[in-house]
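Here the protein sequences line up with chains E and D, keeping their order. Just so you know, we're using our numbering here: the first sequence kicks off at 10 and counts up by one. Just so you know, we're using our numbering here: the second sequence kicks off at 10 and counts up by one.
If you are wondering where the hints come from, they were derived from the structure by calculation, not from laboratory data. A couple of the hints might just be wrong.
Pairs count within a copy or across copies, as identical chains cannot be separated in the list.
In the EDC-like style, the derived pairs of lysine to aspartate or glutamate whose C-alpha atoms are separated by at most 20 Å in a straight line are [as the list claims (entries may be wrong)]:
id, residue 1, residue 2
1, Lys343, Glu198
2, Lys272, Glu222
3, Lys272, Asp66
4, Lys90, Glu275
5, Lys90, Asp259
Protein chains: 2
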Amino acid sequence: MTTTGKQIFTTLESDGTLTVEVATSEFAEPKGNQVLVKMEAAPINPSDLALLLGPADLENAEYTDGKIVAKMPEPFNSGAKGRHSQRLPVGNEGAGEVIATGDGDMAKALMGKRVACVPGTAFAQFAIADASMCLPLGDVSAKDGASAFVNPMTALGFVETAKMEGAKAILHTAATSNLGQMLVRICQEDGMPLVNIVRRAEQVHLLQDMGAEHIVNSGEDDFMRQLRESIDETDAFFGFDPIGGGQMVDHCFKAMEQVAVSKMSEFSRYGSNQQKKMYIYGRLDLGPTILTPSYGFGFTLSGWLLTPFLQSAGMETVTRMRQRVLDNITTTFKSNYTKEVTLEGMLEKDAVLQYRQMRTGEKYLVTPHG
Amino acid sequence: MTTTGKQIFTTLESDGTLTVEVATSEFAEPKGNQVLVKMEAAPINPSDLALLLGPADLENAEYTDGKIVAKMPEPFNSGAKGRHSQRLPVGNEGAGEVIATGDGDMAKALMGKRVACVPGTAFAQFAIADASMCLPLGDVSAKDGASAFVNPMTALGFVETAKMEGAKAILHTAATSNLGQMLVRICQEDGMPLVNIVRRAEQVHLLQDMGAEHIVNSGEDDFMRQLRESIDETDAFFGFDPIGGGQMVDHCFKAMEQVAVSKMSEFSRYGSNQQKKMYIYGRLDLGPTILTPSYGFGFTLSGWLLTPFLQSAGMETVTRMRQRVLDNITTTFKSNYTKEVTLEGMLEKDAVLQYRQMRTGEKYLVTPHG
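The following block holds chain E by itself, in its conformation from the complex:
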């Protein structure tokens, strides 16, 4: 017996036509340790947007009821040829009620429960999920539990990564995002010094109100001086950046090196011996990353993604992280949403143009049943 419901699909044709639409799908019976979740809430995360919309021209797209047809510009269309003509479901995570299960014990134990899950198909009325990745929410509402995975585990993953690599402090750019605010709270709880880079005065105030100690405003003229000062105070030679393109990573490396050089007693043609590391974990800016030759050879730039991190961290660490999220889901790991939309509402022009900007405090929650 299958279950019928609505689901969002995104399809990119080789000629650059992107179609995003609400369609009717048949959801198969769950097998083994799978569960079928009636999705009640799913956040629109930056990590969903690359697949859902990418850098398509949404200003000039055609919007009809529950459907967008837009043009994907070059070089992005050619760069995405791996997905050409594939009708792809979207939505990393969400929460809802388990309404059917496979015959595996883990799955059966979740029957009738409210869970957070990571199906990768969360923008839908129903989703098949692995029981092992579901988090039973108990009294926590679907809305409060919808973002229990991506942001909380990523923010915790940053702190775990820093500790594993022996970093004394963390630097974070675009620091007022939902994820950034979680990171502020986690670092406060763990006593990990955190340098927050933001770009507007009101973002400085937002983080100050949270009790953040080191806040640097890239919109101010003395940004580099502020940044050096914060690095000097914290020893933050290790950071995470969701912007990707442009020179933010370069600025961070440069400031780190200037702080390290200022502590050296004599000139070295090769720069300081201080190892400097930055991870890029997002692409808010799709332009190229620019690295200038101004900090010697003691730097490492790497990509950071949640799934490979969790695979390398091991089951024990992951279990501990998940428990911490569950215990603090309405406090440390709380997400805030500007607006709730249905699946159709998610594809309306005003909504799309707002949430694709990924601005601070403008996060959307999808409620597929209403």
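Chain D: place on chain E using the hints.
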């Protein structure tokens, strides 16, 4: 008792005036495990040029006997403010005869011997060196032993790094340099697959004559296809690049990812799980490194320098590497020189304009005593 001799110094003033000149120096008596080496031969390595000349305007410089006065353009002058007004000696390595020693046993054992050394002041008639870093050359001439350190240990260091990190093959750009040719021979001896990227047809022939198996010509229209094919054949997801600026590293990452994606059974929005790593170890191009967002998050770009590598590799590895160099100094680790120059000859316009181009097969050897 001091020893008097000629030595090259480079001085950059804060107004951007670079002066490189042959001057007379007093060399102090060696102490402890120091030795005083009468320098007979010293190579001009790319790693010397950054300090010696940097990106100064040498076309329009003033050349007088044993002296160059040139202008350092911005932003390089400001970027080098750590060295402003300092009169710096130059020359990483060379070879010569030990004519005086401190009273340490290691030093005394070298008295009268011909050694290769790494004083950092090799462009001089005499140099103080650490006995522990000297390599006794036995019957090997000073000319043959002059380049016993930087290139051989770097090329060996690449293979050691690859093995430590579990890489199955190595990719190398600008692969016909003296260092690149050593790497070809080492990889042949060690059975390590090597992808060589060159940019001209004659460089392809040079490496073919050496028996190199995988050669890719970036000057040809189907460069990316050649590169993908070589990566596919060797699994070279790990490489070293002395160029630094521009998009060569980006091309390598892109080709690596395309090969990895071609082996995937289904599309992933995050790209392949294949870890891709490139090390930048030089700056033949002083422009910024450009990284496009076209290979997901499974990449790492890092700087590589010999000294920190040797420190992390440990004494046992370093001793084994040095012995291998000494045993094969006229074969595997042989360097070729276009021209020999005196200290004064090294500062003549024709010479400077030639060796600063760092072209294949145009390496200079300095013979400080004429």
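Hint by hint, here is what the structure shows:
no., hint, result
1, Lys343 x Glu198, "within (15 Å within a copy, 58 Å between copies)"
2, Lys272 x Glu222, "neither (23 Å within a copy, 47 Å between copies)"
3, Lys272 x Asp66, "neither (49 Å within a copy, 31 Å between copies)"
4, Lys90 x Glu275, "between (52 Å within a copy, 12 Å between copies)"
5, Lys90 x Asp259, "between (30 Å within a copy, 19 Å between copies)"
Comparing the model with each earlier hint shows violations of hints 2, 3; every other hint is respected.
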